[in-house]
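Residue numbers (this note's numbering), protein chains in the order written: chain A, 95 to 225; chain B, 2 to 445; chain C, 7 to 491.
Hint data in this document are derived by calculation from the structure and do not stem from the laboratory.
We put the CB at the ideal spot given by N, CA and C, even for glycine.
Among the clues, some could well be false.
To be verified - Here are the computed distance ranges between Cβ atoms for each label pair:
#, chain 1, residue 1, chain 2, residue 2, range
1, C, 302, A, 177, 52 to 60 angstroms
2, C, 30, B, 323, 43 to 51 angstroms
3, A, 185, B, 156, 30 to 38 angstroms
4, B, 33, C, 313, 31 to 39 angstroms
5, B, 179, A, 134, 33 to 41 angstroms
6, B, 81, C, 117, 26 to 34 angstroms
7, A, 167, C, 70, 42 to 50 angstroms
8, A, 167, C, 314, 47 to 55 angstroms
9, B, 417, C, 217, 37 to 45 angstroms
10, B, 33, C, 209, 18 to 26 angstroms
11, C, 457, A, 167, 34 to 42 angstroms
12, C, 11, B, 81, 36 to 44 angstroms
Said to hold, decoys possible - Beyond 12 angstroms from chain A on every Cβ pair, some chain B residues (computed):
#, residue
13, 9
14, 16
15, 23
16, 30
17, 40
18, 44
19, 67
20, 155
21, 173
22, 302
23, 373
24, 400
Unchecked claim - Simulated pairs of lysine to any residue, SDA-like, Cα-Cα distance not exceeding 20 angstroms:
#, chain 1, residue 1, chain 2, residue 2
25, C, 96, B, 84
26, B, 155, A, 144
27, B, 250, C, 53
28, B, 392, B, 440
29, C, 194, C, 178
30, C, 359, B, 46
31, B, 375, B, 395
32, C, 486, B, 30
33, B, 154, A, 143
34, A, 163, C, 182
35, A, 96, C, 400
36, C, 173, C, 196
37, C, 96, B, 270
38, A, 163, C, 53
39, C, 194, B, 319
40, C, 358, B, 43
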Amino acid sequence: MKELNELVFGKGLRYSNDHEWVSESGSTRKVGVSDYAQDQMGDIVYVELPEVGATFEKGEEFGTLESVKAVSELYMPIGGEVVAVNEDLGDSPELINQDPYNNWIIEIKPANLSELDDLLASDAYRELLKG
Amino acid sequence: MRYLPHTDEEIGAMLEVVGRKSLEELFCSVPEGCRYQGTMDLPAPLNEWSLTDHFGELAEAMQVNHKYQVLIGAGSYQHHIPVTIGALMGRSEFLTAYTPYQPEMAQGTLQGIFEYQTLVARLLGMDVANASMYDGASALAEALLMGLRIEKKKTKVAVSRAIHPHYREVAATYLRPTNYELIELPVDKDGRTDLTGLADIEGLAAVAIQSPNFFGVIEDLTSLGQTIHDSGALFISSFTEPLAYGLLKNPGECGADIVCGEGQSFGMSRSFGGAALGMFACRDQFTRNMPGRLVGETVDLEGKRGFVLTLSTREQHIRREKATSNICSNQGICTLTAAMYMSSLGGSGLRELAKLNYDKAEYFKAQLKKNGAKLAYAAPTFNEFVVEFEKDFQPIYAKLQQKKIVAGLALGKYYPELAGKYLFCVTETTAKKVMDLVAGEVKS
Amino acid sequence: MKKTPGISGLIFDEPLLWEKGKAGRRGMSIPASDVPAAELPGELQGKGPDFPDLSEIDVVRHYTRLSQWNYGVDSGMYPLGSCTMKYNPKINEKLAVTPELATAHPMLADDVVQGNLQLMYELQQYLAAITGLPGVSLQPAAGAHGELTGMLIFAAYHRDRQSKRTKILIPDTAHGTNPASAALCGYKPVPIKSGPNGILKVQSIAEAMDEETAGIMITNPNTLGLFETNIREIAEIVHAKGGLVYGDGANMNAVMGVINAASCGVDVMHLNLHKTFSTPHGGGGPGAGPVCVTSELEKYLPVPRAVKDGDSYRLDFDRPSSVGRVHAFHGNFSVLIRAYCYIRTMGAANLKKASQLAVLNAAYIKEKMKGTLQLAYNRPCMHECVFSDALQVEDKITTLDMAKRLIDHGYHPPTIYFPLVVHGAIMIEPTETECKEDIDQFIEAVKLVVQEGRENPDLLRQAPVKAKLRRLDETLAARKPCLCG
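This is chain A alone, in the form it adopts within the complex (with noise of 0.2 angstroms):
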């Protein structure tokens, strides 16, 4: 497991108190995990994606991270239609353990950027992290 200063954090990004992250700019937005989860998580073996298409509100289940010895479920950070899926994710999964913010999982069309301001930046969320 990682120390807290050995953490990566991505540019543009705000985070979720689940650790998912969302891009910051864009008519659509990626949506990924940090660095804190995919250390948590140990080596992925599967990433169980949504159908493109599918809508989800902000909190709800869009998929799951897979682990050996565990599951861990993946909540949308903010509402939105799912437009497209990371399909590298089913060849190779440890992408997200390799690089958690260039490997981003589903990309949305927000549906209520207002829910953005809900997030965290980068200096709250390594607060989060250091409770």
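Please build the complex by placing chains B and C on the supplied structure of chain A, with the hints as guidance.
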């Protein structure tokens, strides 16, 4: 007592370490209200010799015993079991081993299960088989639930009336607390499942057919499978006699998505119906939805091939209420027994034995027909078939029982529409002279 | 260097079945045909499966070698918490294959199978006596199957009362089969946190229990090896709101003849015959999970049941309120025979003694190992005790590393990482069939492993080195599943 090694001295020494004065004191955290009053009402203990005598008495009380020819299949079959199987399965490293959660010290069990999975997948023509379910009945129930999980928006499943009645009962039991609907599909005059009404049923997730079915009739799985797929449902193929697939087209070839059934024929005695062996297999794309344990191949730190339990995140110990099933055990001993049987028989042996079973049943059918009985169904059968007699068969049945032959299973209890008809089974264990004797009695 | 049983041995490598053999070999005799060959319609015929052809010697050597890679109770101690890996008596194996009993077809008429029905009836009576719950069904084929049956009984009971119940209370220490079984019946599990002392607080139940809750599933002793001392009060609260109490009997080995489950307030419980009642684990099964219920709930038990009518036995199918069948036939009869043999061999006094000695062995280990490993709860334990990895964190040694090194010393590791409420949990259940010197040697082995962890941690991280294989890549097995050869 030979299973309790502690001497009084050792008990005393251990109590001292623990800081208790007596064994009773160890239970100080148990409130008075929970305590057992008095002693448990159980018979006095028997030593090894008295227990053996008692079993002699129980054996005497079995009027129909191993010396009888019991010409019944119906999900529990009499086949020859080579003595090597008992000798090998009796090895305590197999018998007294735990579930292989520490793979480095359980490679015997793990490779054994991997081999079983592979042989079953090949037998049934499917991509992957699990490490077994409790029996053919619960395997069917789990297959239906799996179909409903895969076809998320649908709420109905259908089963053929020609599936073993007990299997249909178990499926109904599993589905009763859910909001899913279980529909029964009729049987035609040839003893095969009738799917003419299928297209009218909306929202069907899966349809289950047994072949050979309860009446021994071989279903036309390919064409049934096509109809089922056309209706948008998954095709579940079930069986009670796996030996049939040494001779017949396997369910995979016929388009099945999930296959489930009973493996008792492969090396296990009938044993009054249990322990049994639920065989379960599916197509690759459904693997993560499959219930039950799975063993997979991998390598160790030095690159040597080895086997481990895998895809455990489907199971209850990780996924808990979201698991694909609540199942924890597999039928370990039965699984390895079946693998030993399949390896002893081999591919060529399986084909020969299946054909022998078929030939025996065809001969018996011919002899019965010659002597005035009628076959209830025209369709081809494997090693079981339904017979109707001109006169009441009961007196002949009783007479044959005197001669240590149990002549079939009366079907009225299970299918009111088949009252007076009997389901017969013959296998490689049934001698020609027995069949001739039965046919002879029918004539008179 | 202290001595432990694990040294090294001659292990043979052995390929997969289809990597050996030769077409035409035969491993068992097939009788010659005494009937004419018959025709089969071509469109039904298949080619038969691609199985290897092996000789009898091929098969015997193959499985003999495979068995030598395994560890069993007969090899050594299995201190697996909540598994009750006690000795499997050999007389039970012999009697279970008594030909008259073992060849019986399950659908024969009652009058010709009296021996088997008598055995089933008597076993039902014995389990009723042991639990204090008079209604017994032997049909469920495993513990989880018994739990499912129990949940079906809950559902039937509430349905009969037109009481809509959608939730069930489940302690956070529960075995995974509990919520899984509940979910199969449409119940939403409501987790209940155990108190700081490892047992359930009456208040937690009082706060959670309502008229939409079907009841509670409770394991007693619980999976921390602690007796749920508040069980009667908890049962009262659940009953007061019309709910039922399900007892997971996995840990029955601690309390035979000591507690009466019915007096504890339990309405439905299952027993694990492959745990408490000595039937062999067989590398994963078969087990048996009979269900015992109060007389009020007897009518819901699976159909059929063995009953006694005067001097004879029969199967009773006239059970209109039954939840239905859960097994194709009568359950795992061959397992039932073994449990029957065990109970007839032990008798009441020895079963109680077995529980007392199981608890003594666990308490002794707890006393001798606390300080070496961090005791999770400093309370009297029952037949198992739980430690955490807190004392090893400094040395950066994990529970997994300690477990793997124990293998090199000739032991199967204890249960690890369960229950989930203890960090790096190590759950040890010696059972009563381990003698004092074997337990002392096990304790020494654990102390040695902890010491090695401090002085030479690489020994642990590289372990095991003496088993057939080194640590296996479970990540690879899950990422790229290869489930078929």
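In rising order, the numbers of the hints this structure does not comply with
Of the numbered hints given earlier, those the structure breaks are 32 and 38, listed in rising order.
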